[in-house]
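Enquirer: Following the hints, put chains B, C and D with the ligands in place on chain A, whose structure we already have.
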Amino acid sequence: MATTEADQRKTKQESFELGAFSSKLSKSDFQELLLQLYLARYFDVRLIKEKKRGRLTGTLYSSHNQEAIIVGSLFGLKPTDWISPIHRDMPAFFMKDFRAGWRNPDRMGMSVGTVCAQVWGRVDSPGRARDNWSHIGSSAKRIIHSTSMLAGTIPAAAGVVYADRLDGGDAVVLTYNGEGSTAQGVFHEAVNFAAVHKLPVVTIIENNQWAYGTPTYLEFSMDDFARRADGYGIPGLVADGQNVLDVYDKVMEAVAWARSGKGPSIVECKTFRAYGHGDHDDDRAAKYRPKEEVDEGRARDPIAVMKRIMVAEGHMTQKEAANWVAEGKGASEVSNDDFPPEVVQYLSEGIEFAVNSPLPEAEEGGMWVYREDN
Amino acid sequence: MATTEADQRKTKQESFELGAFSSKLSKSDFQELLLQLYLARYFDVRLIKEKKRGRLTGTLYSSHNQEAIIVGSLFGLKPTDWISPIHRDMPAFFMKDFRAGWRNPDRMGMSVGTVCAQVWGRVDSPGRARDNWSHIGSSAKRIIHSTSMLAGTIPAAAGVVYADRLDGGDAVVLTYNGEGSTAQGVFHEAVNFAAVHKLPVVTIIENNQWAYGTPTYLEFSMDDFARRADGYGIPGLVADGQNVLDVYDKVMEAVAWARSGKGPSIVECKTFRAYGHGDHDDDRAAKYRPKEEVDEGRARDPIAVMKRIMVAEGHMTQKEAANWVAEGKGASEVSNDDFPPEVVQYLSEGIEFAVNSPLPEAEEGGMWVYREDN
Amino acid sequence: MSVAEPGLKKNYLTGLKEAIFEEFESDPNVIAIGEDIGFLGGAFGVTEGLKEKFGPDRVIDAPISEAAIVGVACGMCLNGKKAMVEMQFIDFISTGFDQIVNMTATYHYRTAGEVAINMVIRGPAGGYGGGALYHSQMNEAWFANSPGLKIVCPSTPADAKGLLKAAFRDPNPVMVYEMKELYRQNKISEVLKANDEALVPLGKGVVRREGEDVTIVTYGNNVYHCLQAADNLMSEGFSAEVIDIRSLVPLDEDIILESLKKTNRLVVVNEAPMTCGFAGEIVARMSDRAFDLLDAPPVRVTRLDTPVPWVKPLESFVLPSVNKITEAALRVCRY
Amino acid sequence: MSVAEPGLKKNYLTGLKEAIFEEFESDPNVIAIGEDIGFLGGAFGVTEGLKEKFGPDRVIDAPISEAAIVGVACGMCLNGKKAMVEMQFIDFISTGFDQIVNMTATYHYRTAGEVAINMVIRGPAGGYGGGALYHSQMNEAWFANSPGLKIVCPSTPADAKGLLKAAFRDPNPVMVYEMKELYRQNKISEVLKANDEALVPLGKGVVRREGEDVTIVTYGNNVYHCLQAADNLMSEGFSAEVIDIRSLVPLDEDIILESLKKTNRLVVVNEAPMTCGFAGEIVARMSDRAFDLLDAPPVRVTRLDTPVPWVKPLESFVLPSVNKITEAALRVCRY
Ligand SMILES: Cc1ncc(C[n+]2csc(CCOP(=O)(O)OP(=O)(O)O)c2C)c(N)n1
Ligand SMILES: Cc1ncc(C[n+]2csc(CCOP(=O)(O)OP(=O)(O)O)c2C)c(N)n1
Ligand SMILES: [Mg+2]
Ligand SMILES: [Mg+2]
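Residue numbers (the numbering used here), protein chains in the order written: chain A, 1 to 374; chain B, 1 to 374; chain C, 1 to 335; chain D, 1 to 335.
Source of the hints: derived by calculation from the structure; they are not laboratory data.
Just so you know, not all the hints are guaranteed correct.
Straight-line alpha carbon distances no greater than 30 Å define the calculated DSS-like cross-link-like pairs of lysine-lysine that follow [as the list claims (entries may be wrong)]: (1) B:K291 to B:K52; (2) A:K262 to C:K53; (3) B:K291 to C:K9; (4) D:K193 to D:K53.
In this text, all values refer to a predicted model and were calculated from it rather than measured experimentally.
Pulled out of the complex, with its shape left as it was, chain A reads as follows:
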């Protein structure tokens, strides 16, 4: 699978030691994780295809190459835990609490159809198509409603678990943040608040090296972003964001720390934004980022990394690994045949639901500014 030179180099660097949590996973857990990586990837490439076909408008913010962060961080959560995803975490909305069964309606995550209805801007989206892309949420499913305002939901995440703790709960909240967004003042205020009150807030940094057109060295001046944690007196962990198991291990460590009452932490997941900031930016990104950097950043595809680990652990044969080769390919280079059929099927049903959902009535635009009942 190691096709490019950079990939081969990286492959050699890879150390596949399993951590405290991942070493307890079963073969079927591994298989499930891999399947989820495929699904997250498929979500991404399928939407691009839909847009190319003209079935879809609006900007797409791709999680391509960053799927291990979403999948690995969600895998060990309790159903009662909260999450606060942002623009690059779209699959998280429907992958939360996947362990309860992808199609289980009582699962503490959104249905894939709901999320697709959001992408399509239809009335069956969680917010009835009032705000776009990832700006949805569900208090019933314990997903904080995201907004455009970067880092703007971290205080709410702290508030949600503060309330939960008061009510005797043990919920943890994961907040997802691009590394660039952490320059926001409110990031500081919220993490500091969580530190003071030892709140179970796990701050995941998806350090994909770029914030739109700005490289990290113009955003902050540390090599490991996780060191930001030292400034709050809380733990800061670094995870290999391409390795779903390492993400799982580090996040679970942080979650355990949080759940035991020790407070917040930061988990930096090192990764790389494979394409443009959004799909509108793909062409420009090819100009403002050096090709070598991009090639190197894409080389360790999380699906490929997981396959290598599974082979090494004896959970997969080389032959099986060659079955669905979605890794290392852009949206235009893959077809449905590169994905496990259950993944294609699952998302297709969601899209089916979405396209059959109508637009909201115009009058809804004037509704729900206030709640009327007292």
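Expert: Using the frame of chain A, we list chains B, C and D with the ligands on its own:
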């Protein structure tokens, strides 16, 4: 001079080793520093007396017991350096560039009369009495105009030296901040920006253990606030805020670092707020703060500490040290006789100027919203 | 903290206190967060005793982080709490601005009614006390232009209590502009009702003085200036009706319309800068809805378009005053 | 980046670009700071090529820190620079809000004229593009209610260039609301002047279409909706005068008054929420100053008091449209 038990205990802890910069000071430098400590203290107690006498209205934010921070940090600055003081640093406005001569009109600091006119709310204040207390400044004197918005001027401080560097200057800026104010988002944004651009911004934290009625453990969760610096990849120093020489050494270290192009740093000066948040808060502060804590916090008066060092260094005799005993006394316990006459004289002239300055004309209230000339 | 002792006259600050203590008492989901509201009891003492009584979990001495304070409160509300946010001075709300207008205010709208944020944001506001630029603001217009927030501004102890209680009970975020110059003005003290009896509905104005010749619409501190101006007008032979709208959003337009039917003349008074302030909003609504009723230009008396300066001559120059209101009303009456 | 080629028609975006490049060229103290304005050239490409041409010292790709961006720019201006701040979308200004209204806007006032902050804050604004709650805002009223700021909103390429240039030259902080839906509308392209010739003074409105029966006052995107509405009105037998005020603060009241002398009827149109929006300000000023001129109620057509929703039917429901303007104007004409 070590009168209370706590004082004796602290005295024993005191280590009087001179640092890289203070060890180069002459006897007259020591004398000057001590004189400046007296002056800062006298400013404080005299204003309280003026207010008690009914000559003055408005809240007074006392720097009592924290004077070593102002005096020590300003002592080694170049005239071209900038400062950004806040509510607790009132004497800094006229003590900047004191080395050029207290009464030198070309000095890069405000005249004491101007500052007194500000306290009295008269037209000869730098802002013609438009905003109160420390909310003054002077671009000619390189003092950033403070506002009420805590931490709100740190970005401007970064901007000022960014501009200076572009123009080929080597100015450093000192920003003064209460430890509580650092919880503001804009503190984070500005320090991060300075770190990214390696700007010569020295962030002084006056850690006086309280932010109004809130103790530090509810403001942040570190023992040494200076560790906040680790989160930005910049140096963080701790100074004994009661020892003017230690403040001088640590700030000069930070200034040298900054001036040589290495970038920003944080200098935490550990001190204690001797009285209320403002004089309106004196009575309440006596309730919300444990007496032992207050006694211990007041025990190492910066004037007393400096005298002990001067005696130890042979710059002062025990007898001389007993000359003006202002230390360890509240405003109601001291008289002019407890201060060197030049100090009393200097401030009295300033007050004289202030009380002879008229109020601004009412119509000025409607002026200067915009600059008219193009 | 004594709650609603019958027969005793209470001041404005006590009205606020009683509202808070009663709501804390009756609903265990009520939480307070703000700077120095616990150990100190708030800069003005509005929450004195609250932390002792209800504990540090429900009464949070927050770091100096207005954005996080609002956002944390918003998260609490998202998870079943009713959060009261105290701004130490309403002027400092600017650093929490985004969390109010983009996060909190829009929550119900963008979730299509799923989530209502039951938050109260309150704090000392207004000038006339020599507080200067950053301790005198009336910045309610920023929020009136930000859909999703309700805004009230009580002028009496009973309204302070009743509107604040109503704000707690309302499922939406409600901002309470408290007039700090009225906090301890004993001459406006009055007997307060207890519990549900004390409630004052949001969106209902009140006629403070009846009159025939001109309608003066105002709120907050200026209610008293307008009442004095009405006295002055009387001696000039004009009778002014003074309406205290109390609630800006929603606004009781009918009470103004009713009055205009009688007086056919309108003066609107408030402390905020004139441009895009709430006085202009009232004028604009009435110019449309009551066009035929108006026999004279509807006139505003507001702060000049300046910040609030410090020393008395300057402050008086820019803020509305009894004289300025009287003059404006005379101009309108004599039109 | 080509500057002012004679005879060639340029679009709105190019107008902005030319203004920036010319000002950078002619004054070495001009600096730009914003998110992604350098390597990327800005989200919309307004500053494309600027960093290459003038270097990273003068063109700063800032961290995602709106408050620091404004504050750093303010400090630069305090020390002799002219700083241009780009907000990636004007919606994100909310997180830099305090630095604008309390730090920057008040600087000249609180220093009694010592320091003027020569800052330009500009960014893409406005709806009609499906940008939803956080990429569609017109929040100019917040700043109109914050004394010390000037505010402009150009609707044509020449005004985009000329007002932006004037903003650079003005010693005060000036906010430029750019209509992103107009950025690349080639049908409004026009020939642009160069350098000083291109300047458009702040505070001067312009009559976009002359008429006799009703005055429609507006700015930004809605200029075009109003012109279309004027066509509709013509077919109903009414001739509408359309005024583009271009500059909100300061406001050219005289141009409106002059028009009202002729038409005696007023409709004001803008995109912001109605309550405390700038449309209300214009109505309030005219109700006072032009009371005797008005033969019908002055009417506002604005966004409903809601956020801007995403999908087309919803967005159209809440924003002003040609139809809504036509109807309102007809109501006024037929009054
Ligand atoms: C407060 C705020 N400022 C600016 C933006 C515009 N913006 C949207 S995404 C983005 C870059 C985010 O970079 P990063 O946080 O690293 O996340 P990534 O997109 O790389 O995952 C910017 C500047 C915004 N949404 N919110
Ligand atoms: C943004 C903002 N929020 C709140 C306040 C009110 N306030 C003024 S001083 C103060 C406490 C400051 O504490 P600290 O920073 O530790 O400084 P100290 O007074 O102890 O020197 C507070 C909360 C303010 N001025 N600005
Ligand atoms: Mg990133
Ligand atoms: Mg302090």
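Enquirer: Holds or violated: K193 (chain D) with K53 (chain D), Cα cutoff 30 Å?
Expert: holds (22 Å)
Enquirer: Against the 30 Å threshold, does the CA-CA distance of K291 (chain B) and K9 (chain C) hold or violate the hint?
Expert: Since the Cα atoms of K291 (chain B) and K9 (chain C) sit roughly 36 Å apart, the hinted pair is violated (cutoff 30 Å).
Enquirer: Does the alpha-carbon distance linking K262 (chain A) and K53 (chain C) stay inside the 30 Å limit?
Expert: Holds, at about 27 Å.
Enquirer: Verify the proposed pairing of K291 (chain B) with K52 (chain B), using a straight-line Cα cut of 30 Å.
Expert: holds (24 Å)
Taken one by one, the earlier hints fail for this structure only at number 3.
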